[in-house]
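Given chain D, work out where chain L should sit, using these hints.
Residues per chain are reported as follows:
2 protein chains.
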Amino acid sequence: MVVKLTDVAELAGVSATTVSRVINNYGYLSKKTIDKVHSAMRELNYQPNSLARSLQGKSTMLIGLVFPSVRHPFYGELIENLERKLFAKGYKVILCDSEKDPEKEREYLRMLSANQVDGVIAGSHNLNIDEYQNVTLPIISFDRFLAPGIPIVSSNNFEGGKAATEALIARGAKNIAIITGANDTASPSDYRFDGYKAVMDAHNLETNGIRLKSDSSELLKQIEIEKLLKDESIDGIFCTDDLTAVTVINIATRIGINVPTDLKVVGYDGTKLLHQLAPYLSTVVQPIDEMCDVMIELLMKRIEDADVILEETYSLPARVSLSESC
Amino acid sequence: MVVKLTDVAELAGVSATTVSRVINNYGYLSKKTIDKVHSAMRELNYQPNSLARSLQGKSTMLIGLVFPSVRHPFYGELIENLERKLFAKGYKVILCDSEKDPEKEREYLRMLSANQVDGVIAGSHNLNIDEYQNVTLPIISFDRFLAPGIPIVSSNNFEGGKAATEALIARGAKNIAIITGANDTASPSDYRFDGYKAVMDAHNLETNGIRLKSDSSELLKQIEIEKLLKDESIDGIFCTDDLTAVTVINIATRIGINVPTDLKVVGYDGTKLLHQLAPYLSTVVQPIDEMCDVMIELLMKRIEDADVILEETYSLPARVSLSESC
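Chain order of the listed sequences is D and L.
With UniProt numbering as the guide, the letters of the first sequence map in order to residues 1 to 326.
With UniProt numbering as the guide, the letters of the second sequence map in order to residues 1 to 326.
Isolated chain D (complex conformation):
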């Protein structure tokens, strides 16, 4: 015998609507009501079936998360945060690691178009804008321009880049280089470079630095960094991500450059993992928790009302956290 929602309602002594609200985590519910319904669901071994709901043209309660790499500390922390918050709202997440694989990203978009998820949060773009534009499901973008009408949530990359550079100058650095990714005009992360440049220009200091391609091998990146560090005039480096900043400090230490006496270093991202592994690193901390809150709130709005008007960008403040490296 299949247990029905009305059986749960009867045992819990509440209405069927209330059971549905508990299952979908929707509307105001007292803890007492939630507990009663959960207890009745357990007793009857009731399985709310999202596939069945999907058949009725309703929600699948699945959200797609499309990010370049789950093993990157920043995306790992972001994905974990999103998953936890979406779970609390009754959603499960489908994970798509899209790094360097446009065909994979395209296949996920096809899946979305087939209405197999209720919405998507994407921080990746191997594809051209047209392909994202053709997806009719709700999408929120993290830190990337995907297509017109898809809101972008990010840290304030320009202000973050400025703050990092100002911190280096405040500690006495003058010949400050930047190490950042390939120039990609579709990526707001490049505003970190613009923030650096704005501060250097304002202080009449010369800009300098290298751009590392994301598909370069680690070894090649290290060779380029070592070459830059052997330019003895450099006394400060702003790295637009923390992994590169730690690599810079490791190489500097190996070739006898003292951090921070001879070289001051500031990174960007500020994950808990890097704080644990490299507590000496000064960095710009992205507000991961708040960014996740905003992305989910916007996505829920779009799911409830496909035509809701949203801003083009939601830029949240990043803060500098100083430690021994600067």
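FYI, nobody ran anything at the bench for these hints, they're computed from the structure.
Among the hints, erroneous ones may be present.
When chains are identical, the list treats them as one kind, so a pair holds in a single copy or across two.
Below 25 Å or equal to it, Euclidean Cα-Cα: the simulated DSS-like pairs (lysine-lysine) are [as the list claims (entries may be wrong)]:
hint, residue 1, residue 2
1, LYS36, LYS4
2, LYS197, LYS213
3, LYS104, LYS197
Then chain L, alone, in the frame of chain D:
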């Protein structure tokens, strides 16, 4: 007009069975055939609908991954590897971060019981064995005992623990302490401790060390580690995970203990991320790629035949990678 599988077959000039095989990545297919079918699918904008397949009592092409924390470098690398390999077989993954949340793990198991995924790979166990025993879907376990009949894939924790301890002794350490997690008899990771103990006993050396609870705060763990390090007789430490090993090295450096002259340190896990961030760390490298291959192969066998007889444990060799810290 809904595009059907037979439309794709006609345009590609192949049979419907071949199209189905391409979609499900099943059987021998030439690259030419795959390309023809993909090209026809694109031209017609054909969406293979896994929900529709699920309705017909067939596969959902979804696999659940239940792990404690996606932002942990080891699980992040493992999940990324599993996701890539499962995608190549036509599966999408649903991610469940289960850390410290039995109710969440239980909710995912309920979802599995409702036949919403084809199978599960789980490296978590907040729950008692009964609850896993009642799940009838195919499950493969990573490094944890879940229930009788669920095969466990892991690195050879006992041999790994032995190898780490032997490496410390070979480099001249005698007073070797171990830093490991809480004693948990359901977890094969504790065999790393047994390996350490076996080598120490064989050399007539005294065992020593601390167990850190996984739910302790980072600060409390650091205080305990610092207390251990201040015992000046200790000249070697085996940490059963790399994050703790890096924390030990950071604290030692801060309080003036030279690594490796005064203190030799070996970790466990050997992820690419830690190799990048802490290239100086000697560690026991788990064969992540091979373990993922084995887990997926076993899961596919169980999906094809629920009654297939599998071994209880599949233990893969781990290798010591020596660097500056030992």
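Comparing the hints with the structure gives:
1. LYS36 - LYS4: Classified as within: same-chain Cα gap 16 Å, cross-chain 46 Å, threshold 25 Å.
2. LYS197 - LYS213: within (20 Å within a copy, 46 Å between copies)
3. LYS104 - LYS197: For LYS104 and LYS197, the Cα distance exceeds 25 Å both inside one copy (36 Å) and across copies (47 Å).
The structure is inconsistent with hint 3 alone, although it conforms to all the rest.
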